[in-house]
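So the chains spell out like this:
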Amino acid sequence: MKPFPSSICIVDDDEDFSAFLAEYLSLRGCRCEVFVSAEELLQKRDFGRYDFFILDLGLPGIDGVDLTALIRANSSSGILIISGRLGPDAFNSALAAGADMFINKPVRFDQVLHATQSIWRRYGDPRARSASWVISQDLTRLVSPTGEVVSLSPYEGRLLDHLRQAGDEAVSRADLAAAVSGAGGEDHRNLDATFFRLRRKIERDAKQQSPFRTVHGVGYQLAEDIQCEAV
Amino acid sequence: MSEILGYDIPHLGYFFVGHLAAFTVCILSFGDRNRSTDAWVTSNILGVLGMAGIAYTEGNVTLMSAIGASLTVFSGSVKALAFTSGRLSRKRYRWGNAIVLLSVLCAALIMIFPSLPYRRFVFLLGLVLTMTASLIYLRRNRRWAGLKQARYVFATYFMGILATLGVIAKTAFLPADFAIVDHSTTGTANFLQLCIASMVFQLVFLTLIFGLNRRERERVFLRNSRLRESMALKKAIYDETSALSNEREQLIKMLTHEVRQPLNTAQAALQSITADVAMSELKGQSIKSKLDNTLSVLNNITLSISNSLVGATLISSRREADRKSVNVCDVSQLAYLDLNASDRTRIDLQFAQPYIYADVDPIVLRLALRNLLENAVKYSPANTPIIFKIDTDEDRLMLQFSVRNHIIDKGMLDGDIFGRNKRGVDNRYGGEGLGLFIVTEVAAMHEGTSHFDVDGNEVTFYLEIPA
Chain A
410 MKPFPSSICI
420 VDDDEDFSAF
430 LAEYLSLRGC
440 RCEVFVSAEE
450 LLQKRDFGRY
460 DFFILDLGLP
470 GIDGVDLTAL
480 IRANSSSGIL
490 IISGRLGPDA
500 FNSALAAGAD
510 MFINKPVRFD
520 QVLHATQSIW
530 RRYGDPRARS
540 ASWVISQDLT
550 RLVSPTGEVV
560 SLSPYEGRLL
570 DHLRQAGDEA
580 VSRADLAAAV
590 SGAGGEDHRN
600 LDATFFRLRR
610 KIERDAKQQS
620 PFRTVHGVGY
630 QLAEDIQCEA
640 V
Chain B
37 MSEILGYDIP
47 HLGYFFVGHL
57 AAFTVCILSF
67 GDRNRSTDAW
77 VTSNILGVLG
87 MAGIAYTEGN
97 VTLMSAIGAS
107 LTVFSGSVKA
117 LAFTSGRLSR
127 KRYRWGNAIV
137 LLSVLCAALI
147 MIFPSLPYRR
157 FVFLLGLVLT
167 MTASLIYLRR
177 NRRWAGLKQA
187 RYVFATYFMG
197 ILATLGVIAK
207 TAFLPADFAI
217 VDHSTTGTAN
227 FLQLCIASMV
237 FQLVFLTLIF
247 GLNRRERERV
257 FLRNSRLRES
267 MALKKAIYDE
277 TSALSNEREQ
287 LIKMLTHEVR
297 QPLNTAQAAL
307 QSITADVAMS
317 ELKGQSIKSK
327 LDNTLSVLNN
337 ITLSISNSLV
347 GATLISSRRE
357 ADRKSVNVCD
367 VSQLAYLDLN
377 ASDRTRIDLQ
387 FAQPYIYADV
397 DPIVLRLALR
407 NLLENAVKYS
417 PANTPIIFKI
427 DTDEDRLMLQ
437 FSVRNHIIDK
447 GMLDGDIFGR
457 NKRGVDNRYG
467 GEGLGLFIVT
477 EVAAMHEGTS
487 HFDVDGNEVT
497 FYLEIPA
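Those sequence lines, one after another, are chains A and B.
Going by this note's numbering, the first sequence opens with residue 410, and the numbers climb by one from there.
Going by this note's numbering, the second sequence opens with residue 37, and the numbers climb by one from there.
This is chain A alone, in the form it adopts within the complex (with noise of 0.2 angstroms):
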């Protein structure tokens, strides 16, 4: 994998940040195009030719949120938001369009640049978006979409396979300690250990976020798929 984008798109209607933005991040050896509103990136409507995307919210016509979902329904690379909209609203749309970070302004290029890697390093691999995780048959190890294995104790991994087996539903604690170890009972402080640290651990060694996450006041939720290794 490139260690940075080679190809960065830029979509601000601040023409002076941009410009600046760009002879920054073009001294990392990456080619950079910048343009004032969404439609002017649309005429070209190739967005296979950029490795990465940085995006204003508040642009004329089309906006930054709309221009998301359409780069993200067309491309896996990465997409990073700039904006200095304030409040949830700007922020859960950037995302829940297909964003991969949000950084309000006041931002500077060196911010700019240490997303831009983060991001990278997370989905510079295509895999990293189109494969799954998968847990083996004997429940010791997981691998994460781009490959890193992570080995589970017997009890992770028959907590990772009871969620697995839940789909999209959140598993309770309650049915979680009884399923896994046949414990009930109202204290899960342990259950709750276990999934702080196998969190810890899946992020260590396969250096992304967890595929589950929590459901406060309930249990535990996958947030990705996993599939069970074939036979």
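These aren't lab readings, by the way, just hints derived from the structure by calculation.
Ideal Cβ positions, reconstructed from N, Cα and C, are used throughout, including at glycine.
Keep in mind that a hint or two might mislead.
Said to hold, decoys possible - Calculated pairs, DSSO-like style, for lysine-lysine (alpha carbon to alpha carbon, straight line, at most 30 angstroms):
no. : chain 1 : residue 1 : chain 2 : residue 2
1   : A       : 616       : A       : 411
2   : B       : 425       : A       : 610
3   : B       : 326       : A       : 514
Stated by the list, open to error - Label-pair restraints from in silico Cβ distances:
no. : chain 1 : residue 1 : chain 2 : residue 2 : range
4   : B       : 282       : A       : 626       : 54 to 62 angstroms
5   : B       : 327       : A       : 639       : 56 to 64 angstroms
6   : B       : 327       : A       : 435       : 41 to 49 angstroms
7   : B       : 251       : A       : 598       : 54 to 62 angstroms
8   : A       : 501       : B       : 251       : 20 to 28 angstroms
9   : B       : 432       : A       : 637       : 33 to 41 angstroms
10  : A       : 519       : B       : 494       : 26 to 34 angstroms
11  : B       : 494       : A       : 558       : 26 to 34 angstroms
12  : B       : 278       : A       : 558       : 34 to 42 angstroms
13  : A       : 601       : B       : 494       : 29 to 37 angstroms
14  : B       : 487       : A       : 639       : 46 to 54 angstroms
15  : A       : 424       : B       : 381       : 28 to 36 angstroms
16  : B       : 433       : A       : 637       : 24 to 32 angstroms
17  : B       : 487       : A       : 625       : 45 to 53 angstroms
Fit chain B to the given chain A structure using the hints.
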């Protein structure tokens, strides 16, 4: 004179007068005075006078007994008025008024014509009419609507009417000149019935008044409760408006002192650079130093503006943390990169691992961490190290962000340093005192905590959030 249970009519008269007096005292003592109670008490006084005429005179035709009987009927008429709202001209009272007038006519006939034929019938008819008028007033006056005690009064009066009609039927065949009150055994028994009926009427009226008073008290209580709620709401609106007004004032103050002045300084620095560039003998190092200085000033301005925006909008409005699963190491790195490049060299980043995902609000978390780092730079001796750590606490299932630095003056840690607009000790240190307030608010938004430890000449600030 005949007796019933050893009592003749004069003795029963004592009982009659006694119970009227007792109930009158009760009504005056326990009930709130109003037109109804006034009418009832007046009627009781008339009843006592009437009873004196009836019970303590003998003979078939006497002026005293006629006056007594007349006053007794008239007393009933006044009692009926106790059930009205006072405004008798209202249309809904017309039937009651007509019947009361008929009862008054009966009373007048008895008084004017002591030897009136069938005077006993007229007397009893007068009583029936007063009770009938009472029932009509009771039903027509909305004041009694919904009171269960009104039903008791209605039932009592209705039974009184039936009983009196029974007495009328029994005495229908008596001679035309029969006395209104005879002292025979039957007459004494009738008088006893009258006494008992009167007592029951007094009792149910008393309960009616109590019921009314209770309902009035409940209404007053409800009204007061609503008033209190309304006052509380208005006070909350007032407080919120005042808080907003204060926010604006703070913002203006901040724009004046924290933005305009530093911008002016930056202008000066840029002017100086321009002058340097104009001079041929300038040195590169001189320009770099001035540019660093300018960047530092602009950096402080953006921090002040960010703090004020977050302090005045996101946190003051007590919005919930907008959590997303993000790599807190990235957020921390962004906060670190918010600092001046020259200050970053002092900071040693020690993250437990490069990827730590947690459900956080990255915008406010970045600002909180930046404030911790800026404070560490600002309040520590130049060139001393600063350690910025992220640890995972498996025992408490927490993420712990910590910033450790040497300290210039321990006195700046006295008092409530996490409070709003609270700075170290005094104005020796700049800023608006929003930094640590934002840190503690961000911790609270994430159900976490913030605190600090002092160890010798070093202080460590912690921001802990559950993960």
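Legend entry - Hints not upheld, ascending by number: Result: hints 4, 6, 8, 11, 12, 17 break, sorted rising.
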